[in-house]
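Top to bottom, those sequences are chains L and X.
Throughout the first sequence, residue numbering follows our numbering, covering 391 to 487 in sequence.
Throughout the second sequence, residue numbering follows our numbering, covering 758 to 1137 in sequence.
In short, the hints are calculated from the structure, not lab data.
Since we're looking at a predicted model, the values are computed, not measured.
All C-beta atoms in this analysis are idealised placements derived from N, C-alpha and C, irrespective of residue type, glycine included.
Hints may be right or wrong, so weigh each one.
Said to hold, decoys possible - Simulated DEER-style distance windows between Cβ atoms:
hint	chain 1	residue 1	chain 2	residue 2	range
1	X	Thr1036	L	Lys480	38 to 44 Å
2	L	Pro408	X	Glu1090	42 to 48 Å
3	L	Gln419	X	Thr1030	48 to 54 Å
4	L	Gln419	X	Ser1041	22 to 28 Å
5	X	Asp1069	L	Leu411	58 to 64 Å
6	L	Thr468	X	Gln1107	56 to 62 Å
7	X	Thr886	L	Glu475	43 to 49 Å
8	L	Gln419	X	Glu1063	38 to 44 Å
9	X	Asp930	L	Lys480	25 to 31 Å
10	L	Pro408	X	Arg864	18 to 24 Å
11	L	Ala487	X	Glu1063	55 to 61 Å
12	L	Lys480	X	Glu798	40 to 46 Å
13	L	Gln419	X	Glu798	34 to 40 Å
Stated by the list, open to error - Footprint (simulated), chain L over chain X, 3 or more residues, beta carbon under 8 Å:
hint	stretch
14	931-939
15	949-960
Unchecked claim - Calculated lysine-lysine pairs in the BS3-like style (CA-CA distance at most 30 Å, straight line):
hint	chain 1	residue 1	chain 2	residue 2
16	X	Lys1062	L	Lys472
17	L	Lys480	X	Lys1054
18	X	Lys1001	L	Lys472
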Amino acid sequence: MINEPARFAPQDRPVVNPLYLFRWEDTQQAWVLLYPEGVVKLNDSAGEILRRCDGRTVADLVSELQGEFDAEEREVETGVYKFLEASHAKGWIRRQA
Amino acid sequence: MPRDGSVVRLDGQGKPLWLVLELTYRCPLACPWCSNPVEFEKYDNELTTGEWKRVLREGRELGALQLGFTGGEPMLRKDLEELVGEAHRLGYYTNLITSGIGLAQARLKALKDAGLNQIQLSIQSSERTMTDALVGARAFDLKLKVARMIKAYGFPMVLNVPVFRQNIDLAADILAMAEDIGVDYLEFANIQYYNWAMVNRDELLPSREQLQRAEAVVQQARKRLQGKMIIYFVIPDYFEERPKACMNGWGSIHLTIAPDGAALPCQESRLITGLEFPTVREKSLAWLWNESPTFRKFRGAGWMKEPCASCDEKEKDFGGCRCQAMLLTGDAENTDPACAKSPHHHLIEQAVARAGDPERVHQPLIMRRASREELEVTLG
């Protein structure tokens, strides 16, 4: 994690850090990240990105979300990369070896 | 699309997100800063396995997400694995908060199989002699062994170090020990002064200089260990001008169930006189959380007096800690004296000055023990 570059490339495969438990929470109607003594409630688009961090490539993830979101393709791509980089900085995701 | 900072932190929306089960107040150690009640032996009518399971079900129905199993020493409950299994099935994120005593390999494996998510292990220093003296038992070697076993089983691990005058200067050594074990989170928990810690406050309070040195050590380590270990270190409220946002507000997101089933807004709240603490044996968890006069008493800002009532920080710190107001000023409705705006703030300043007075005659630490034990010794 420490020596990984901050920016993601299309062929990278982000996965949720095993320290975190990522799941849907009915009582919050939201995706949540649970970790030792903490909870993060994610907004819809953050949840949609994170639930696809399962070993597929960033390129696949982007093209799938471009089909789902009602937004400019370029905007979706930029948003995904920015979110992945922010999530990586927080330790929520890492690159699959 | 998401942006930086688009992550919403939970405010609870009226749900007890954090459920803490104090399974027992029994403990093989005798830590003189223990947060359990000084008369802990009064609460020995512990809930049964079936009663705890009902609490777990009702807690999930109320929207609880995080679950802490604590004590006393929760490993003393033979049904811990069964309760963890039930909690896991119900969808909690399960945290075990333990001294490590009793956490043998077979039980660790059983807890892993039951779905336990993480373990918080306490250790008091990086030195055997000091640790064993502080906890009143030969515990250091065992704790280190347990720490390595926890990592070998792949649990995320918080190493919790209660911090006070006796061990704070070892911060760098403790960091090196934590790094060697490979812990994920290192929490330097500056102890809070209630119950046993209050009894021993003069001897335990660190000096401001000690705190500043330790904080500098921690800040350096954070840079060095970025991405490897998360380090928590919070300056205690005795040394800040503003009070802590205690429990994120009374009855806001925290619900503790004591060994006898009493529902508490925080683990220390029984020291507030004049409040009643009905148990889960008499009432449903929903009633206790939503309706009980005790949980309603300091919920929100309606109860506040001056200087809190007109303070523009009241939504940030909720007036501080009700238990500390009770303990130091005799009235839980007062502003927490840790706040410089409190008319009682001098009580905090005096405590810090007294603890650091070079002329003061030092006293031995009073170890946690049941008053009944002394009686038994007398009776032979």
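Going down the list of hints, with the structure as the test:
With their beta carbons about 40 Å apart, Thr1036(X) and Lys480(L) fall inside the hinted range of 38 to 44 Å. One distance hint, 42 to 48 Å for the beta-carbon pair Pro408(L) and Glu1090(X), holds here, with the actual separation near 46 Å. As the Cβ distance of Gln419(L) to Thr1030(X) is approximately 41 Å, the hint placing it in 48 to 54 Å is violated. Between Gln419(L) and Ser1041(X) the beta carbons are some 24 Å apart, a value that agrees with the proposed interval 22 to 28 Å.
Asp1069(X) and Leu411(L) have their C-beta atoms about 37 Å apart, which leaves the hinted 58 to 64 Å range violated. In this structure, Thr468(L) and Gln1107(X) meet the distance hint of 56 to 62 Å, their C-beta atoms being roughly 57 Å apart. A C-beta distance of roughly 47 Å is found between Thr886(X) and Glu475(L), which places it inside the suggested range of 43 to 49 Å. For Gln419(L) and Glu1063(X), the hinted distance range of 38 to 44 Å is satisfied, since their beta carbons lie about 40 Å from each other.
In this structure, Asp930(X) and Lys480(L) meet the distance hint of 25 to 31 Å, their C-beta atoms being roughly 29 Å apart. Range check, Pro408(L) to Arg864(X): about 22 Å between beta-carbon atoms, so the 18 to 24 Å window is met. Taken as a hint, the range 55 to 61 Å holds for the pair Ala487(L) and Glu1063(X), whose Cβ atoms sit roughly 59 Å apart. In this structure, Lys480(L) and Glu798(X) meet the distance hint of 40 to 46 Å, their C-beta atoms being roughly 44 Å apart.
For Gln419(L) and Glu798(X), the Cβ-Cβ distance of about 45 Å falls outside the hinted range of 34 to 40 Å, so the restraint is violated. For a cut-off of 8 Å, the count of residues in the stretch 931-939 of chain X with a CB near a CB of chain L stands at 0, and the three-residue condition is violated. With 0 residues having a Cβ less than 8 Å from any Cβ of chain L, the stretch 949-960 of chain X misses the three-residue criterion, and the hint is violated. A hinted pair counts as satisfied when its Cα atoms are at most 30 Å apart, and Lys1062(X) with Lys472(L) does not qualify at roughly 46 Å.
About 37 Å separates the Cα atoms of Lys480(L) and Lys1054(X), which puts this hinted pair outside 30 Å; it is violated. Straight-line distance between C-alpha atoms of Lys1001(X) and Lys472(L) comes to about 34 Å, which puts the hinted pair past the 30 Å bound.
Of the numbered hints stated above, those contradicted by the structure are hints 3, 5, 13, 14, 15, 16, 17, 18, listed in ascending order.
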